[in-house]
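J.: From first to last, the protein sequence lines stand for chains A and B.
No gaps in the numbering here: position 317 of the first sequence is 317 in the working numbering, and each next residue is one more.
No gaps in the numbering here: position 50 of the second sequence is 50 in the working numbering, and each next residue is one more.
Just so you know, these hints were derived from the structure itself, not from any lab.
There may be inaccurate statements among the hints.
To be verified - Under the rule of at most 27 Å between Cα atoms (straight-line distance), these lysine-lysine pairs were calculated in the DSSO-like manner:
hint	chain 1	residue 1	chain 2	residue 2
1	B	127	A	620
2	A	291	A	329
3	A	366	B	127
4	A	368	A	329
5	B	120	A	368
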Amino acid sequence: MEIIEDKPEKAILLLGNEAITRGALEGGIDVATTYPGTPSSEIADTFSAIAKYLKKNGKKPNFHFEYSINEKVALEMAAAASFSGLRALTCMKHVGLNVASDALMTYLYVGCKGGHIIVTADDPYCHSSQNEQDNRYFALFGSAPMLEPSSPQEAKEMTRIGFKISEELKQPLLFRTTTRLNHARGPITLKKLEKTRGKGYFEKDPMLVTVPSTARANHYDLLKKMDQAEKISEKSPFNEIITTGETNEIGIVTSGVSFNYVKEAVEDLETSAKILKLGMTHPLPRKMCEKLIKSCKEIIIVEELEPILENQFKVMAYDLGSNVKIFGKSTGHFSRLYEYNPYIVTDAISKILGIKNPISNPTGYKIKLPSRPPALCPGCPHRATYFAVKKASPKNTVYPTDIGCYTLGKEPPLEVADLLLCMGANAGIACGLSVSTDQKIISFMGDSTFFHSGIPPIIDAVHHNHDVVITILDNRTTAMTGHQPNPGTDFDGMGRPAKRIHVEDVAKGCGVEHIEVTNPSDIKETTQVFKRALEFHGPAVVVSKSPCILLENRAKRKTGKKIPTYEIDQDKCKHCKTCIGQFGCPAFYYAEDESIHIDELQCNGCGDCVQICPFDSISKKEEKTDEK
Amino acid sequence: MKSKTNIVLTGVGGQGVITASNILGKATVNAEMNVYASEVHGMAQRGGSVICCVRIGDVFGPLIASGTADAIISTEPIEALRYIQYSSKKTKIITDINPIIPFTVAVGGEEYPSLDEVFKEIKSRAKLYKIDALKIARDSGAIITKNIVILGALAAAEILPFKYNILLDTILDNVPEKYRRINERAFRGGMDSIQSP
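So here's chain A without its partners, still in its complex pose (with noise of 0.2 Å):
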């Protein structure tokens, strides 16, 4: 496995992710911990398959990974590590430091011992989340040193060096990542692995005890902390000057990705700029970016989102009586939204600096394509349970959704997602539309959204008796951010063996008194479950539960088993079409003729639509084994 191997100044070609980890590795990692979340999921998979490569190979790996419930249990649990002495790791994607901000806010008063990085993925332009928040804002609210790498070899040093900044520091790490960070793959020059600690020791000390007299201490020593940080910020290698060309007032400030934005424009603009590129961004070298407002007439800021450094940059100029210009997002030429691109950068600095754009306007296509969205898979379970809930519910049926695979049921035919707000929400907005309307209420969450944040919600249904239908898609694995296990399944994130928590047991120890677990390939009897599930009067708990398409068509791959597919008797077809209109697989289409057939390549041979379809129409067909 060439991400454990211990060559130095060998280079291999390693996504921002695993960069990470292995920059995490070459830091000498004890314990990393997750709830995953897009883009930040390949770290922890990546220890995740490092474990399990090391057991498969009867080594023992020399470092904990836990897919822990949530980001918060996953913060503490890194936390603790960190209090004992040993180096740690925690990483989620930006809405999930959210969850982990309760204890992130007083963790920060409290310090840390061994070097602890929090990783935290923010997804501009919302490629896989619900919002594009600006987590550099964490690193201000709660006064967290913060480490933002621009490209995947910086990101492993990063990693590396993060954990003696945060030892020197005594104070944990935000690490500041962007998907195009996470997602992007470069080549890593490989430096030697560092000795891990195997146990630590836990110190007792009454500082760690945050009540109101300890924390007014631990407030101000955290303040004298970040002056110490920022003395870090100044000689850091991360933040440096770069000049291009010859000498000119023109400086540029930059950090991220976007740096990378910014050599590429002042290059292919032919022009020069003092560069200011940033990689410990809190907090500011404060001298270095002085030097650079008394160097400048004009200062351009490029940052994605939020005008974080724009906004210090102002109070600093202000402070120093300067007339420099500075030029953003305040004057218009860069936007608050979404995410920057090669073309936007150089646009903008071309505009500010009055130099003509090399880039061709960006022209799409002129005739009308169909839009492709990520749809529900072929075969996918979560879609006749959503039939056989559209069947069973009356039809101003209100459906508050969670965060999985299951929120594309919001789209057509299916339309089973009316709200959605974040983890957990679904449950919760149920109680809160109950007792607000006298509409039916079906709630949808995955197993693993239910152990992330689901339960309490429950308990708040069954202590108040609010009548909703509260249905856990139960498909045992965390599909949507790559099928990582949770604690519905019998196999840990190393590997190892583990206690399977059955959702109904647990619906049933939160004193649900209607329960009822359904397989949704039973498409009928699933539909009945939701009737009875609506005439309870009460909270009632719906456990459909049927394994992932994705998954159990790999594991018939892997063992040889044949996967069928199906086909439509053109002659008994009578185009009533509740198979696209109603039940809305991908696999089908309309031929030219308006017959309607379904694509061999996209059926995932599931067979739920035989029962859907009323003319008896559909009918397995050969059996296909492509495979790799």
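Please arrange chain B on chain A, whose structure you already have, making use of the hints.
T.: Same frame as chain A, but now just chain B:
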């Protein structure tokens, strides 16, 4: 003189576009050249439109600027057109000719355009190479080697700054022993399909 090669890879989630991008990146490292690639993971992979960028040589960032792609390779015809903003007159566009109809056509009443129209527009903007990658993949022994067919076509289209065998060897190094022959057939089939534009 600085040298850059920009390649856009597109297709439908689940068709091996990301795998192709990863293999191309690995081949570049094997050719001892610099590479920077960008991928799409997560939700977009569920049957959605997928785009990856692979940049080779003196490049800094992971993304390709509009109008600067040397090649766009696609496992589906309308997906090649969807990302046409990356092309210029010099760009070589290699695409499979077999449509994958998005569900928005059947369910949402959207229309899949005629392939003649799609190819006409691509031709008006860039150099088009149409290949029946699905057939070549099927003939090679597995339809899921369609992405490898497309990589073979790319290798024959005089775009890559390294020899085709480096790419082929990288592919073969990355598949299990028993599937090597199928993948090699798919790759060579793709190469042969590119003889005449």
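J.: So, for every hint listed, does it hold in this structure?
T.: Verification of the supplied hints:
no. : hint          : verdict
1   : B:127 x A:620 : 43 Å, violated
2   : A:291 x A:329 : 22 Å, holds
3   : A:366 x B:127 : 17 Å, holds
4   : A:368 x A:329 : 34 Å, violated
5   : B:120 x A:368 : 13 Å, holds
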